[in-house]
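From first to last, the protein sequence lines stand for chains A and B. Position one of the first sequence corresponds to residue 1 (the working numbering), numbered consecutively onward. Position one of the second sequence corresponds to residue 363 (the working numbering), numbered consecutively onward.
To be clear, the hints were calculated from the coordinates, so they are not data collected in a lab. We put the CB at the ideal spot given by N, CA and C, even for glycine. Mixed in with the good hints, there may be bad ones.
[As the list claims (entries may be wrong)] Which chain B residues stay away from chain A? Per the calculated CB distances, all over 12 angstroms, these:
1. E647
2. E692
3. N700
4. K705
[Claimed, not checked] The list that follows gives simulated cross-link-like pairs (lysine-lysine, DSS-like), each with its CA atoms no further than 25 angstroms apart:
5. B:K635 <-> A:K127
6. B:K525 <-> B:K705
7. A:K96 <-> B:K458
8. B:K489 <-> A:K273
9. A:K311 <-> B:K442
10. A:K163 <-> A:K343
11. A:K273 <-> B:K458
12. A:K262 <-> B:K624
13. A:K127 <-> A:K209
14. A:K273 <-> B:K673
15. B:K673 <-> B:K519
There are 2 protein chains.
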Amino acid sequence: MLTCTGYAAESARAPLRRIQFERTGPGPSEVLIDVMFCGVCHSDIHQVRDEWHNTVYPCLPGHEIVGKVYEIGEAVTLHKVGDIVGVGCMIDSCRKCPSCTEGSENYCEGPNSWLATYNGPMVPGAKAPTRENSYGRDNTYGGYSNQIVVPEDFVLKIPASLKPEAAAPLLCAGVTTFSPMRHFGVKAGDKVGILGLGGLGHIAVKLAKALGCEVTVFTTHAQKRDAAEALGAHHVVLENDEDAMRNLTASFDFILSTIPQKHDVNPYFPLLKRDKTLVAVGALEPMAPLNNMLTAFHRQSFSGSLIGSIKETQEVLDFCAANDITADIELITIDQINDAFEKVINGDVRFRYVIDLASLKT
Amino acid sequence: MLTCTGYAAESARAPLRRIQFERTGPGPSEVLIDVMFCGVCHSDIHQVRDEWHNTVYPCLPGHEIVGKVYEIGEAVTLHKVGDIVGVGCMIDSCRKCPSCTEGSENYCEGPNSWLATYNGPMVPGAKAPTRENSYGRDNTYGGYSNQIVVPEDFVLKIPASLKPEAAAPLLCAGVTTFSPMRHFGVKAGDKVGILGLGGLGHIAVKLAKALGCEVTVFTTHAQKRDAAEALGAHHVVLENDEDAMRNLTASFDFILSTIPQKHDVNPYFPLLKRDKTLVAVGALEPMAPLNNMLTAFHRQSFSGSLIGSIKETQEVLDFCAANDITADIELITIDQINDAFEKVINGDVRFRYVIDLASLKT
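Only chain A is shown next, with the shape it has when bound in the complex (with noise of 0.2 angstroms):
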């Protein structure tokens, strides 16, 4: 066993807290990781709040992992000591089901679904239809944390050109982003809108952007249109000006909301061609009632889509290698987390808070 060192909460009101706490040690086939950075996702706040009435306390979160390996198991062919690596929503998966055979891991359908990284697995012992728990593990400590032991195939490589702390958020504001605008088909052309300029938001423009397409984002705050048009965003629209979004009636090919809570998407539909998706990825939770009558006229889809699978989040590590692509970050020390939360859920950060693990120490 290993005695870890990390900051969690012990309930949905508590502040994060420094802890001790075990983890298991590498397995044959698994990485030992130094944490180096570890981005603040608004899902960290959502889950440490219990605020998807699934969280097992302590809640030590943390998904976003950027470290350096440590350790390597004895049957570790992927990774060696000193690389650089990367961790991100999941940590394993059934390994068995039409979904984790077709590299779909993110789509799990084995009875505990995926492993996450922290507060994993996604569907727990009580809830699985086995009443089981394939995983053997009730709760996942993630990267808030000094170190994590990951099983080396969900350990992504962290291309040499990103600079560690800003790649950080591409593991999973990246491919959360990245993997919907892969799967329904975006390509160089299109017209795309992207709703909220958050940490999901401002990589979702870049990626676009490197993409091919021309971007636009939809905001309703005035004072975010510079920072748009810093990030390559070719439009910004306020989305209560109602002569701007009819001008763009029957003009996108993709769009996708990045909204991080529930919201009306009825207005965007118009926006879209027929046969054209929006694709939800920021609001786990019901949303503001849809419209049949919008989307039946050109028929159009709402979709959902969660992070994305290993190989896509290498994909979008390698795509943003390729085209110089990290996040906007501001580095901070892990005692700042819980003003970090604040910060973040007021909107109040450019664009993604990341720890700097090395805090932890001192």
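Given the coordinates of chain A, assemble chain B onto it according to the supplied hints.
Same frame as chain A, now just chain B:
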């Protein structure tokens, strides 16, 4: 001008009553049809009662029309006097937009959208971006009448083997359920779920079965079990049977909701396989809030779909002839129409009322 007779409502609260009105006689490319039969669609009720807030009065409904060609314009080549023909929800479209030129007139993107058979055009001049009405008509009158005039290429051929009165509902209910099954790739061997067992639902069951699918009807009414099985459904599931619903997890390739008002589709997403779609064709209004936690977990889609193209309408008629499918109907006289509306609302019809327009003459 032709002086015609029909049943129309003068206001949202008025019953339908006999009126005389004028139609412009057939132009060079138009067909004058003696209406024989007209189905009673739930949309007729929504429109008559202004439930979509766009009704123009008098409102003379009816868009499941079968009749006999009485007269043709000089340039007509597709039909001849005496032919048994059909008219569905549309009688014209802009003929210029991408959807029209691609043969998807039902998704016409012209300034006034398509010309609905009644209460057309879909987008009136006052609401059009151009503020004009390119059809030159502010209110069309439907099939609850003795005659109708329609451009020849919006007139369908009724195969000789189909009983005209039982074929009428194929013009709307048939194509509305057939079109999304074709568009979303439903094929032999697929597991298909049908929600609701009314006018649309009962035809959807027959069509899906004829396509070679394994068909499950979901209903809230235990007494519909026998009827569903008689229509050919392989399985009938009561939607409040939690065990039955759980046992169907991730097993469906396609689910079609034909329920004609706001309802909750969330319980059905866990039943769909990954990447599959639930299409709602009955409720053209805001749905109950969609929980994106459900759709995201297996990257599923909610889609709308609006009737079908002229090509698809002919296709469903020919498919039904080849597979010996018609609607299960109850034939009524025109003076029973107000009572029939109430029974449709109460689900008290097996499964489609069709008006025998011969009764208009008596």
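Could you check the structure against the hints above and give me the numbers of any it violates, in ascending order?
-> Of the numbered hints given earlier, those the structure breaks are 1, 7, 9 and 13, listed in rising order.
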